[in-house]
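Those sequence lines, one after another, are chains E and Y.
Quick note on full-length UniProt numbering: the first sequence kicks off at 1 and runs consecutively.
Quick note on full-length UniProt numbering: the second sequence kicks off at 1 and runs consecutively.
There could be a bad hint or two in this list.
[As the list claims (entries may be wrong)] In silico negatives: residues of chain Y with every beta carbon more than 12 Å from chain E:
| id | residue |
| --- | --- |
| 1 | Glu64 |
| 2 | Glu76 |
| 3 | Asp146 |
| 4 | Ile179 |
| 5 | Asn324 |
| 6 | Gly326 |
| 7 | Pro365 |
[Claimed, not checked] Straight-line alpha carbon distances no greater than 20 Å define the calculated DMTMM-like cross-link-like pairs of lysine to aspartate or glutamate that follow:
| id | chain 1 | residue 1 | chain 2 | residue 2 |
| --- | --- | --- | --- | --- |
| 8 | Y | Lys349 | E | Asp226 |
| 9 | Y | Lys204 | Y | Glu330 |
| 10 | Y | Lys182 | Y | Asp162 |
| 11 | Y | Lys2 | Y | Glu50 |
| 12 | Y | Lys145 | Y | Glu245 |
| 13 | Y | Lys248 | E | Asp269 |
| 14 | Y | Lys248 | E | Glu372 |
| 15 | Y | Lys197 | Y | Glu330 |
| 16 | E | Lys173 | E | Glu141 |
| 17 | Y | Lys2 | Y | Glu64 |
| 18 | Y | Lys182 | Y | Glu231 |
| 19 | Y | Lys273 | Y | Glu231 |
| 20 | E | Lys40 | E | Asp175 |
| 21 | E | Lys258 | Y | Asp302 |
| 22 | Y | Lys248 | E | Asp368 |
| 23 | E | Lys258 | Y | Glu303 |
| 24 | E | Lys173 | E | Glu224 |
| 25 | Y | Lys204 | Y | Glu38 |
| 26 | Y | Lys349 | E | Asp368 |
| 27 | Y | Lys197 | Y | Glu243 |
| 28 | E | Lys258 | Y | Glu280 |
| 29 | Y | Lys349 | E | Glu372 |
| 30 | Y | Lys248 | Y | Glu178 |
| 31 | Y | Lys349 | E | Asp363 |
| 32 | E | Lys210 | E | Glu224 |
| 33 | Y | Lys72 | Y | Asp201 |
| 34 | Y | Lys145 | E | Glu317 |
| 35 | Y | Lys2 | Y | Glu38 |
| 36 | Y | Lys145 | Y | Glu56 |
| 37 | Y | Lys145 | E | Asp368 |
| 38 | Y | Lys145 | E | Glu331 |
| 39 | Y | Lys248 | E | Glu377 |
| 40 | Y | Lys2 | Y | Glu62 |
Please keep in mind that the hints were generated in silico from the structure rather than gathered at the bench.
Don't be surprised by glycine CBs; every beta carbon is placed ideally from N, CA and C.
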Amino acid sequence: MDRPPSPAPLTRQAPSVLHVDMDAFYAAVEQQHKPSLRGKPVVVGGVGLRGVVSTASYEARAFGVRSAVPTALARRLCPNAAYLYPRFAAYHAVSTVVMQLLRELSPLVEPVSLDEAFVDLAAMPDGAPRDIEQVRGIAEELRSRIARRTGLTASVGGGTSKLIAKVASDAQKPDGCVIVPVGGELDWLDPLPVRALWGVGPATADRLRKIGVGTVAELRVLTESDLVGLLGTAWGGMLFRLARGMDARAVEPERPTKSISAEDTYPHDLADRAAMRAAVTQLAERVVRRLRSAGHTGRTVTVKARGHDFTTVTRSETFGAPTDDERLVVEAAIRLLDDAVPAATASSTGIRLLGVGISGLADYAQGDLVAELARLERALGAAEARAQAGAGDGGAPGDGEAGTGFAEPNPAGPDGEPPPGAGAGAAAAHGESGPAVPAVTLFGPVPVDRAARRWLAGQDVRHAQRGPGWVQGAGVGRVTVRFEGPDTGPGRIGTFRADDPDLEPLDAGEVAREALRSRQSPA
Amino acid sequence: MKFRVERDVLADAVAWTARSLPARPPAPVLAGLLLRAESGQLTVSGFDYEVSARSEVSTEIEQEGTALVSGKLLAEITRSLPNRPVEITTEGSKVTLVCGTSRFTLQTMPVDDYPALPQMPGASGAIAGNTFANAVSQVAVAAGKDDTLPFLTGVRIEINGDTLRLAATDRYRLAVREILWKPERADAEAVALVPAKTLYDIAKSLTSGEWVTIALSGEDGAVGEGLIGFEAGGRRTTTRLLEGEFIKYNALFPSEYTGAAVIETAPLIEAVKRVALVAERNTPIRLNFSAGQVTLEAGSGDEAQASETMDAVFDEEDISVAFNPGYLLEGLGAIDAPFAQLSYTTSTKPAVLTGRPAVDADHDPAYRYLIMPIRLSG
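Chain E on its own, in the form it takes in the complex:
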């Protein structure tokens, strides 16, 4: 792999690090796919009792709705917004196109999340930009390319380091473009609160506030030994340099995935062990699907359990060798759950959150003879089982995405979310895992028949007669669908029985890819 090295920030002749940040990304994709919501407040996030906002459109932000605000509070602030479940498959499809545009610019692209990435222009194949004007030209051209291909706006910041580029992209959001000239870094940093610096969280900010430091300018008054005394050698020294705009972090493409995880916050505390086991089984299966689709295996399984009083406990177990065997991971997750739950519920009853993660990733799987034996035993009784299970309808709706809506952003980055079609995979996996534990989603058992299936606000659907649309609301056995799509004008609504056989869920990723295709081939 001959990647051009990222030049040290202090030797850059031009502000050639770009930070590209899509504006209100999830909400913007929703507004684009749902024309009736354009120009209106849209909130994407966990819609349940304990959901938090993932993204609010700028119209909703005017009411004070921000990321990470509890959805219940957002509803009071902005009752008229559309509250939608995230459609990660759609965001992923759009993100893939944006990241591709960035890679066409320079091989050094570091995705931070689905909607955010750094690009090092010093590695451009046709030569690095020599001055700020060239950087500005490249950034503006990039913004218009993103707008053309996706119909969405991005804010771009440029500077001599990742720190400055990120500060700059934030400066004129949305639809902004700010390039900080070489030598002008401190003018931009000085007025910022210390929290704007990379790595400064509530704990560090709190310590600094106690000694009267609130802004970067005030921070720069402190000597390095002051900071080292306050925060320790490594972090103190690092912060001393960051305050001076010295950020040596290189733009690193494809940071290797260290772990893959999934977690759910439950609308009501899980109280009995059977429900917890079913939930952790579902999480483990989800994680294994993602592990496999990334071509990985893993060695360490971690389970996280958060009790009603927010006591959070993690337990992990390391296999003798890496695996991608769903059975092994599920078994380990249940063992760990049984260990973690008593600790998490020591002083209050009920579990509000469960998570399962796999780390120690590898690209090979040690065969397991306990699992092999189980396979042999299953093969023996397969004929019988097949005769009995033959009636399976496989009609479970794609619940996978909705379930992840409550998870914290996972460290796997843009590839971490379930691939399109994960819902179908879920149904298949449940079929395979046989008699273990009944599968549940956030909302109860996986519906096996139409009458029991759930429609989620924002979900893509198709009606046999009236065509594609999205679920505007559902409840008491009814579902309201607005018939419109990315390429239509605002559409009309129709209300149906929730078990209407004419109504089918659509894959959000496919809807998004179709919209991107029609944009590319001008009609």
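We have chain E; now place chain Y onto it with these hints.
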């Protein structure tokens, strides 16, 4: 209590018994060794509620009695004594040990607090000490060290008439050894799951006598239920059995193999060790078989790589199988034969190592080491 005993006899008995003492005793008395002088016999016993050990030697007893002293200290002292007769006497709450010009005074612990050692189950049969130790070491190598699933840390013992079968697995490989022994009854039948490490230590320490008696209670409610006992040359030890079912491992052995390769064991071990130098943290080693040869490969494009080709008796279709090099080496070491036969079905199904006394001799199925291959993704 007062008795005289030869230094070597005492040191051996104490060292053997002290082996089973717990490193962190759950109660202070369990750090002790119980000395009992009675009817011309000195008995040294230790117990930690899991494992008990008792060693008997003949002595000149002047005054019968018992004393409980620190086992670790007594073992260290007896090991370093000069080769002279040792005289041990209790005086009040102390024990005095005199050997030549050396004199030690040890505190004793209350004998009444010491638990009674479990009773040995009735004898099931006997086997030559060395044969047993070898068989156990061949099998224990495959047992797991992680006690998440207790049955993986045990050796399964199956008694079926004159056949004694040992099996162990850590879920990645499985070793099975069959040996003939002398059962007490021709129709003897019993199964037990014994902690592998304990069994290995016991078998190794009982090779001095010619025969080892194995005692396993066949039915529920019999003396020594839940225990297995071993006895050889005045030494007896019991250990608690592990609970839980062992896997039904017979089904894992393929009924038919696609093919087999035969390779000289010692050079193969050397080659695997060399090639595995680039296989960090037991990343896979690949065995690529083609007509008359096998090529070993390890490492990846991003890091160091190694390969080595050697002769093999092989005339099937080319096949490539990957293994954890550590598991492969332990299996090759355990077959204890000049030639190794690797039988396989596909590159992801269990492969089986057996030994051959010569390249053209039949393989010896009395010991089988089954190993799960590594599947390479991408």
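task = Go through the numbered hints given earlier and state which of them the structure violates, listing their numbers in rising order.
result = Of the numbered hints given earlier, those the structure breaks are 3, 5, 6, 8, 11, 13, 19, 24, 25, 36, listed in rising order.
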